[in-house]
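K.L.:
Chain by chain, the residues:
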Amino acid sequence: MKNKIFILASIILVVSSIFFVNKTDNDYDKKLGGKHQITGYKINKLDNNESEVIFSTTHAGKGKMDPKVKVLNGDDYIFKGEKKVKDNSLGKYIVEITYIDTRVQKMAKEKIKNDNEYLVKSNNLINKVDIAYPPDDSMMVVYIGCNKKPTIETTETNKELKIKLK
Amino acid sequence: MKRKNKFMLISLILALLVVFEFSAYATTSWEYVSKPYIYSRSSWGARSPQDTIDPRGSGDKLIFHHTGWNFSSTDFNATKQEIRDVQDYHMDNNGWSDIGYHYIIDRNGRIWEGRDESKKGSHTYGYNDNIGIVNLGDYEGIYGIGAQQVTLESYGAMCSLAEYLTYKESLDLPVVYIHGEFGDTACPGRNMATWVFDDLRAYLYNNMVQN
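Protein chains in written order, with the working numbering: chain L, 1 to 166; chain Y, 1 to 211.
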């Protein structure tokens with residue numbers, strides 16, 4: 001009897017651990033795939049010299065996105081399609097954020113594409129945000145164009161990634 | 001310097017140059033391997049590339065990937081649609097010139113032509129002068145849970161394609177690699193990685209015969 005109870009408890013434990021590990025966040029799009037997904041984005045103007053870009057995120061499991069962040073000059077080459085080009089439309093400085101195994105959900109992509117005009121009017125620091133896909137099936141890059149050279153501070157929780165520019 | 005000595009010196013220099021040229025390009029020559037059947041681009045309804053693509057150059061690796069999209073069908077038409085979906089994603093979402101991989105292997109072990117093999121790939125940043133081969137499916141899942149298994153048929157196709165390309169391109173072993181060896185990515189998933197490391201490499205070592 002004791003053995004049966006022990007076996008049953010073990011089975012319940014294993015099944016429930018599989019359930020919890022396999023449970024993705026509710027807004028994870030299984031068809032889109034990727035270890036992480038960007039579900040939304042917004043920009044907050046903190047004051048005249050500080051702004052923050054917030055990406056809402058969801059994940060297929062545990063683990064951080066931990067993107068690589070670099071500040072480029074406006075005339076540096078950036079990814080566009082499979083190639084690297086110069087893009088003057090971003091601004092004097094470009095923040096390059098490189099993600100691995102991350103996909104952008106459709107609504108977030110539309111918002112990033114359509115919000116640029118609003119951005120220019122709403123804050124002093126950020127000109128434009130754009131997404132690029134380098135020639136690698138696991139990479140994605142977000143570019144934030146600025147007119148002043150920013151210092152960058154990133155913080156990540158399992159629900160969002162904040163990039164503070166000052 | 002006497003004429004004879006000059007002549008010998010020049011001949012020696014020329015001979016050394018010729019030997020150096022040949023050794024710089026020396027690659028392994030393999031015994032004949034027949035070409036497996038490969039479905040053409042037109043057979044899956046491929047779109048034409050939307051830009052010119054640079055030539056591939058002389059990469060010496062076969063790099064394996066997965067799509068990361070769960071796909072289990074062996075149906076011919078469903079497979080064609082899945083490959084078209086991959087191409088659409090690469091061209092319309094990613095802004096690439098064409099599907100990024102040179103070959104696609106489906107769950108039934110069929111091999112499909114992707115991007116023109118003479119053109120640079122778009123699958124592994126920094127290593128796109130190598131041939132990219134993708135298996136349809138998700139072989140990683142969520143830290144392994146829900147990961148698809150490599151079918152025996154698709155493994156057979158990986159072997160025959162890798163063997164043929166090794167022979168055709170005179171590549172040196174081990175020749176087969178996974179995407180994750182060149183970047184911090186889960187691609188092509190843990191279930192495929194073990195097949196490449198443990199089985200496919202051994203298969204090539206045991207079966208390829210040098211000339």
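Fair warning: there could be bad hints in the mix.
Claimed, not checked - Pairs of lysine-lysine, PhoX-like flavour, derived with a Cα cap of 20 Å: (1) K80(L) with K31(L); (2) K80(Y) with K83(L); (3) K84(L) with K119(Y); (4) K109(L) with K31(L); (5) K31(L) with K119(Y); (6) K164(L) with K92(L); (7) K128(L) with K84(L); (8) K68(L) with K149(L); (9) K149(L) with K164(L); (10) K4(L) with K68(L); (11) K80(Y) with K80(L); (12) K42(L) with K164(L).
Unchecked claim - Have a look at the derived ranges for each label pair, beta carbon to beta carbon: (13) D129(Y) with A9(L): 51 to 59 Å; (14) N73(L) with T74(Y): 50 to 58 Å; (15) R190(Y) with S56(L): 24 to 32 Å; (16) S56(L) with Y37(Y): 33 to 41 Å; (17) N147(L) with D75(Y): 39 to 47 Å; (18) D129(Y) with Y77(L): 27 to 35 Å; (19) Y77(L) with D198(Y): 36 to 44 Å; (20) D60(Y) with L46(L): 48 to 56 Å; (21) D60(Y) with N116(L): 26 to 34 Å; (22) G144(Y) with I152(L): 33 to 41 Å; (23) N116(L) with D75(Y): 38 to 46 Å; (24) P55(Y) with K31(L): 47 to 55 Å; (25) S43(Y) with T157(L): 45 to 53 Å.
Read the hints as simulated data drawn from the structure, not as lab findings.
Keep in mind the model is a prediction, meaning the values are calculated, not measured.
Using N, Cα and C, we set each Cβ at its ideal position, and we do this for glycine too.
K.L.:
Quick check: which numbered hints come out false for this structure?
P.N.:
Violated hints: 1, 2, 5, 10, 11, 16, 17, 18, 21, 24; rest satisfied.
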